[in-house]
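Engineer: Make the complex out of the two chains shown on their own, each in a separate frame, by following the hints.
In order, the protein sequences belong to chains A and B. Positions in the first sequence are counted from 1; adding 152 to them yields my numbering. Positions in the second sequence are counted from 1; adding 268 to them yields my numbering.
Treat the hints as calculated values from the structure; they're not laboratory data. The reader is advised that the hints may include incorrect statements.
Okay, derived cross-link-like pairs now, DSS-like style, lysine-lysine, Cα gap no bigger than 30 angstroms in a straight line [as the list claims (entries may be wrong)]: (1) A:221 - A:255; (2) B:338 - B:271; (3) B:321 - B:281; (4) B:323 - B:286; (5) A:255 - B:339; (6) A:255 - B:271; (7) A:265 - A:210; (8) B:271 - B:286; (9) B:323 - A:201; (10) B:286 - B:339; (11) B:281 - B:325; (12) A:201 - A:220; (13) B:271 - A:210; (14) B:271 - A:201; (15) B:271 - A:265; (16) B:271 - A:220; (17) B:321 - B:338; (18) A:201 - A:255; (19) A:220 - B:323; (20) A:201 - B:281; (21) A:265 - A:201; (22) A:221 - A:210; (23) A:201 - B:339; (24) B:286 - A:255; (25) B:323 - A:255; (26) B:338 - B:281; (27) B:321 - A:255; (28) B:271 - B:325; (29) A:255 - A:220.
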Amino acid sequence: AQSVTQLGSHVSVSEGALVLLRCNYSSSVPPYLFWYVQYPNQGLQLLLKYTTGATLVKGINGFEAEFKKSETSFHLTKPSAHMSDAAEYFCAVTLGFTGGGNKLTFGTGTQLKVEL
Amino acid sequence: DVKVTQSSRYLVKRTGEKVFLECVQDMDHENMFWYRQDPGLGLRLIYFSYDVKMKEKGDIPEGYSVSREKKERFSLILESASTNQTSMYLCASTLRLRTDTQYFGPGTRLTVL
Chain A
153 AQSVTQLGSH
163 VSVSEGALVL
173 LRCNYSSSVP
183 PYLFWYVQYP
193 NQGLQLLLKY
203 TTGATLVKGI
213 NGFEAEFKKS
223 ETSFHLTKPS
233 AHMSDAAEYF
243 CAVTLGFTGG
253 GNKLTFGTGT
263 QLKVEL
Chain B
269 DVKVTQSSRY
279 LVKRTGEKVF
289 LECVQDMDHE
299 NMFWYRQDPG
309 LGLRLIYFSY
319 DVKMKEKGDI
329 PEGYSVSREK
339 KERFSLILES
349 ASTNQTSMYL
359 CASTLRLRTD
369 TQYFGPGTRL
379 TVL
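The following block holds chain B by itself, in its conformation from the complex (with noise of 0.2 angstroms):
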């Protein structure tokens, strides 16, 4: 059974802190995002990395990193965390871009205070 973990379902953070949230799956694809998740926008693509090292902007990367050094693990990285950064966090991953199914990680919930 495919699996995409996320490293914490809840976050609580202080404004300018530096917040990592980590992502594994354990389907060998090349392919994997993080989503921000907000109530009435959807979800809109961050970042999305399509092989190890290699990354690519998505929609809103600004005030957002991310570090893949395994195939398996994909980290978003809040320089500083924001409150307009208060949101739910979801992790994907596929084994090819466009056609196959992408697979969800439950989601962190983020909260900075």
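This is chain A alone, in the form it adopts within the complex (with noise of 0.2 angstroms):
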């Protein structure tokens, strides 16, 4: 079974500051982490992922995450936050192995607010 701790429900950030969004899981496999971001009104879409490799993962709009397995942790960070960025924001995590079951499970969300 996997889980996911999303530490902080609302994040607020000055524009121009760092974002950092805090994401933890539990998995018994190596797993694999996806955060999506949802805008107002709006379904979610991908920000980016990590499967295997690399463990630094680049995604849209200036995001990054880094898979560190030692504190199973992913953590989602933007140098510089926009006001277009204030959106919510899920981590999920999903095994990353064949029968190991195919559930995606979201963290309860982040949202992220963005002021002046």
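Structural biologist: Encoded structure:
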């Protein structure tokens, strides 16, 4: 079984400041990890994902995340926040092997607010 | 451009009514999903389908059923709607499970009175 914890249901940053959204996972086997973003009144869209290979993953809109196995973390960062980044962000995990089940487990989400 | 569409953005129903939520994808994906999204709870999987006429229960299937008669269409059915089913419902599809991106529809906000 797998689970995801997102620390902080609401995060507020100033425009131009660093964005850091935290995600920790629990998985008995190597995970596949995802970040999705949901803009107001829209469905979710993929920001980035880690399956195998390089642990630092770059996504759309300047976001990146690093898979740290020792810390069971997959935190999302962006060097400089923009007003258009205001949205809800979801971390998700699935098990990285055949037969491990097909379910994508989502965290409870972090609402990012960007202030002038 | 990939597209997942849902039949309604907003829906208001009465307690006890039978409710159909429909989802259509144009990407020829085998796998389709229905999620429920509630504040503070994130997304929870209701059902998913990995092929036509095939389905598996997710985390919260009670009170719901699904139908997949054609590859592109996946329906969520509330046999007898209750107020605790008031929520945002999101449909998604993906080509390969586990590794591939899930593509989401815009959601249906259902209110049961």
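Engineer: Quick check: which numbered hints come out false for this structure?
Structural biologist: As far as the earlier hints go, 16, 19, 20 are violated by this structure, in ascending order.
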